[in-house]
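Please dock the two separately framed chains into a single complex, following the hints provided.
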Amino acid sequence: MLNKALLSLPVVELAKLIQDRSISSVGLTQLVLQHAQDYNTEINAYISFRADKALAEAAQADAEIAQGNYKGTFHGIPMGIKDNIYIGGEVTTMASKIHANFVANDDATVISKLKAAGAIIIGKLNMHEYAWGVSNNNPHFGPCHNPWNLDKIPGGSSGGSGASVASGMSTITLGTDTAGSIRIPSSACGLVGLKPTHGLVAKYGCFPLAWTLDHIGPMAKTVSDVAAMLKVIAGFDERDPTSKRVEIPDYVALLDSDVKGKVIGINEDYFFHQVDAPIEKLVRGQLDLLEQRGAIIKKVTIPALRNAEYAVLATSLPEASTIHHDDLQQRPDDFGDDIRLLFELGELPTAVEYLQAQQLRRELKQQFSEIFKEVDVLIAPTLPILPPNIGSSVVKLNGEEVDLLNHIIRFTGPSNLTGLPALSIPCGLVEGQPVGLQIIGPAFQEQKVFNIALAVEEQVKFNYQQPVLDRI
Amino acid sequence: MDTSAVKILDRLAIPVNPKTQAELEHRWKGMKALKSAIQTQTKNDDDICVINTAGGDHVK
Numbered sequence: 001m002l003n004k005a006l007l008s009l010p011v012v013e014l015a016k017l018i019q020d021r022s023i024s025s026v027g028l029t030q031l032v033l034q035h036a037q038d039y040n041t042e043i044n045a046y047i048s049f050r051a052d053k054a055l056a057e058a059a060q061a062d063a064e065i066a067q068g069n070y071k072g073t074f075h076g077i078p079m080g081i082k083d084n085i086y087i088g089g090e091v092t093t094m095a096s097k098i099h100a101n102f103v104a105n106d107d108a109t110v111i112s113k114l115k116a117a118g119a120i121i122i123g124k125l126n127m128h129e130y131a132w133g134v135s136n137n138n139p140h141f142g143p144c145h146n147p148w149n150l151d152k153i154p155g156g157s158s159g160g161s162g163a164s165v166a167s168g169m170s171t172i173t174l175g176t177d178t179a180g181s182i183r184i185p186s187s188a189c190g191l192v193g194l195k196p197t198h199g200l201v202a203k204y205g206c207f208p209l210a211w212t213l214d215h216i217g218p219m220a221k222t223v224s225d226v227a228a229m230l231k232v233i234a235g236f237d238e239r240d241p242t243s244k245r246v247e248i249p250d251y252v253a254l255l256d257s258d259v260k261g262k263v264i265g266i267n268e269d270y271f272f273h274q275v276d277a278p279i280e281k282l283v284r285g286q287l288d289l290l291e292q293r294g295a296i297i298k299k300v301t302i303p304a305l306r307n308a309e310y311a312v313l314a315t316s317l318p319e320a321s322t323i324h325h326d327d328l329q330q331r332p333d334d335f336g337d338d339i340r341l342l343f344e345l346g347e348l349p350t351a352v353e354y355l356q357a358q359q360l361r362r363e364l365k366q367q368f369s370e371i372f373k374e375v376d377v378l379i380a381p382t383l384p385i386l387p388p389n390i391g392s393s394v395v396k397l398n399g400e401e402v403d404l405l406n407h408i409i410r411f412t413g414p415s416n417l418t419g420l421p422a423l424s425i426p427c428g429l430v431e432g433q434p435v436g437l438q439i440i441g442p443a444f445q446e447q448k449v450f451n452i453a454l455a456v457e458e459q460v461k462f463n464y465q466q467p468v469l470d471r472i
Numbered sequence: 001m002d003t004s005a006v007k008i009l010d011r012l013a014i015p016v017n018p019k020t021q022a023e024l025e026h027r028w029k030g031m032k033a034l035k036s037a038i039q040t041q042t043k044n045d046d047d048i049c050v051i052n053t054a055g056g057d058h059v060k
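Protein chains in written order, with our numbering: chain A, 1 to 472; chain B, 1 to 60.
Wrong hints could be hidden among the right ones.
[As the list claims (entries may be wrong)] To spell it out: a stretch of chain A is covered by chain B in this simulated footprint if at least three of its residues, at any positions, have a beta carbon under 8 Å from a beta carbon of chain B; those stretches are:
#	segment
1	301-313
2	324-337
3	340-354
4	357-367
[What the hints assert, rightly or not] The calculated lysine-lysine pairs, modelled on DSS-like cross-linking and capped at a C-alpha distance of 30 Å, are:
#	chain 1	residue 1	chain 2	residue 2
5	B	Lys-35	A	Lys-299
6	B	Lys-19	B	Lys-35
7	A	Lys-448	A	Lys-115
8	A	Lys-365	B	Lys-32
9	A	Lys-365	B	Lys-35
Hint data in this document are derived by calculation from the structure and do not stem from the laboratory. The beta-carbon is built from N, C-alpha and C at its ideal position, and this holds for glycine as well.
If we strip away everything but chain B, and leave its shape as in the complex, we get (with noise of 0.2 Å):
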């Protein structure tokens, strides 16, 4: 699967300003290479730090 900023944001439709095409796709490169050096030790389910509080915003 092609990876290129530009591929993807034209599967999303997303017209790309070509005046910044190339800083785009560098910058995307150093986002996957900051992202390929990730070391953790926690990935269970419960270090999520999505929360679903029932009851609206604020439970009194």
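Okay, chain A solo, but in the shape it has when bound (with noise of 0.2 Å):
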């Protein structure tokens, strides 16, 4: 077995010991394989392996590379995939009891390319269920445990995701995010993940939460990694009706943290308000070294962020609704709970109501356009809280209790209505938990909000860190 020192390598070094083949990809997918069914037990990350198929599949890689057929950074690299990403012919449950035995036609878009680029995939990751809460309390397949700390929640709703690549149960993955469900978990695991521009990956093939605020994006250990997953999974595909036609850069080639006049705003009114006092600290610390390495830090107002909450709610909710009407009459006992109390809320808001809120989303979205030419991103916090213990629904937010959905989305939501690229990357640690700052760019211009990460993770030095995981 191969040193699991390698587990807490970012993919791009796993890469380059693959492409010299100083490890195989058996030897790798063996040892995350091993270590991942070692520790579900305790972090459940996994809600299934496929571990015949990937030892097969690394096989193949070690093959084709021996054979000098070397296709790129993730060729014979192990992941896993969170469960609501379809493999074709193989049980994509949802997490949920309705689709326990689910089997898709097709390979969603993001599986074929990764298959594409060589990647193994390992298994299929906790999640909240359908997607739909923050949690990953899950009661079809258990709760996931945050590896920071086992009585947290990881977030979701890509807790799987964000857990399973914090703890070493996975090199890099991909989550869904439709009010902060990449960014929620990867800020509460300590990870970079960004949800991209709306359309920029397509989502043939990804379970449906809601339809308008739903992307499909990356989450890992560094800047670089999710640069190069985005390389990787970016396109347009016509089987996704809100797929773009853009160009895709070479991301990582183009990777600058130079930050030397570029323009970095800040919202007040919104990103700052009610936030936790020592994550506030953390992330005008980094705004502050920012400043010191010759960014400039410009105050901005966005009045319709005001509304954003709202708008959020009276969108998210009716489309998940809307998806799962009928069995919302016909077999609610099926739901958990607390996704069935979110489905009936949605039934709730009028037509009216729901084209109300677009009305409101599509001032929001002009604001931001404006503001984007004033600035080149904005930096916020990506939570205003600190992941709280499993099973609770409420926070402590400076000394206060709040309640959790409202608050934990408040920051990450509004991307979602503007479907703007903005990614959570640590900024250091509160009472031994991780804090992300989240950074927002203008629509298809990830690379500035990567450049701007890359001079954050250079500052925060957090790369590479993992967990100790000495309760388990």
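Here's what the structure looks like:
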């Protein structure tokens, strides 16, 4: 068995070892699989493993590389995938009872692209049921635990994605994000996670939560890994009606952490309002460091943000309930209580209220577009709070108990409404738990987001850091 | 008109989960409170964010 130290390396480093054949894909896949299976009882990041298929695919990758047919960074790299993304001919559960035996005919677009890049999928990852929640406290497959503190939630809905990469149970992964479900677990688990621009990554073959807000994106240990993954999964697919034809740059080659002269916007009224003090201190500390390196910090106002919380709810709730309407009428007891509540709530707004929310959303988009004429990116905390204990519906914010659901999506939801790219990157620890800093950029300009993120990564020196699994 | 969540769902033939009925009413009241606080400038036809793309999803 290979050295376990490999489990903490980012993909771009592992790729070099596979390319020069210092290690084999089979060896690495065996290592990650064994580690994931050893720790799954405690962390519960995986719903299922596909060990035999993964090892066969890894052997094929090794043979291709030996023949000189190296495909690039992801060739022979083992990873888990969130269980709402289809692998053709195999079960995709959506972490639900209702879809427990669902088998899709086709691969999702992102799976096709990863397979073409030579990636090895070792299993399907736990998630909040139907991706409709932030705790990953799943009634059918059990709660997923945060490897930084097993009593805490890993965030959601992509909780298994966050927990698996943070603990070395996956080298990198994909999440899905409708109101923050990539960025919330990335913040809670100490990862870099990107919700790309809406339309950049095709969603064909991903079970929808709320059509107009859903995104697929990478979750990884470093900015470089996220950039490399985006290059693979981005691109037009006519099977997704929201997919856009845009040029996909070589994000990794273009990475540049020089922030001199870059204008970073901060919005005090919304993104720095009601933030737990230690979190705010960490984020502002990074802004100070960026300014010392030559960035220009500019305060901006975005008045339409005051309507964002309502617009997120009045859009996401009815869209999700539309998808599950028949099951809610006919077999409501097969849903977990928490998401059944949200599906009930989503039946209540009128059609007029849904459309009014779309008007608010357009106003928000227009104001963000104006702001990005003045600034390169916006920076904010990813979350205003630390992740609570598993099972808790409330959380402490500056000493006061507040509703978890309302607050945890407050800073992430607006970028689902606007569709703009938003990335969470670790900026330190509070009470031993990771804290995320969020970078929001203009549409289809992920490179701007990556470059500022790379600067933050250099400042924080958090990359490669993983929780010590000493309680297990 | 009664705007309680339970009454609305009853009209829609959706059985309400008795375990979460109180929370449902609480969250519905919260949404209505958020709506009553909306401040917006743009309510014209051209600000509607629903698009009708003739010729299919992707026009070349």
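Structure-based check of all given hints:
1. Counting residues of the segment 301-313 of chain A whose beta-carbon sits less than 8 Å from any beta-carbon of chain B gives 7, enough to reach three: the coverage restraint holds.
2. Counting residues of the segment 324-337 of chain A whose CB falls under 8 Å from any CB of chain B gives 4; the rule of at least 3 is met.
3. Note: the segment 340-354 of chain A has 8 residues with beta-carbon separation from chain B under 8 Å; the three-residue rule is met and the coverage holds.
4. By the rule of at least three residues with a Cβ nearer than 8 Å to a Cβ of chain B, the coverage given for the segment 357-367 of chain A holds, with 8 such residues.
5. A distance of roughly 27 Å separates the Cα atoms of B:Lys-35 and A:Lys-299; the hinted pair therefore holds under the 30 Å criterion.
6. Distance hint between B:Lys-19 and B:Lys-35 is fulfilled; the C-alpha atoms sit about 26 Å from each other, no more than 30 Å.
7. For a cut-off of 30 Å, the pair hint linking A:Lys-448 to A:Lys-115 stands: about 28 Å separates their Cα positions.
8. The hinted pair formed by A:Lys-365 and B:Lys-32 meets the criterion: a straight-line CA distance of about 23 Å does not exceed 30 Å.
9. Distance restraint check for A:Lys-365 and B:Lys-35: the Cα-Cα separation of roughly 19 Å lies within the 30 Å cut-off, and the hinted pair is therefore satisfied.
Violated hints for the displayed structure: none, as all numbered hints are satisfied.
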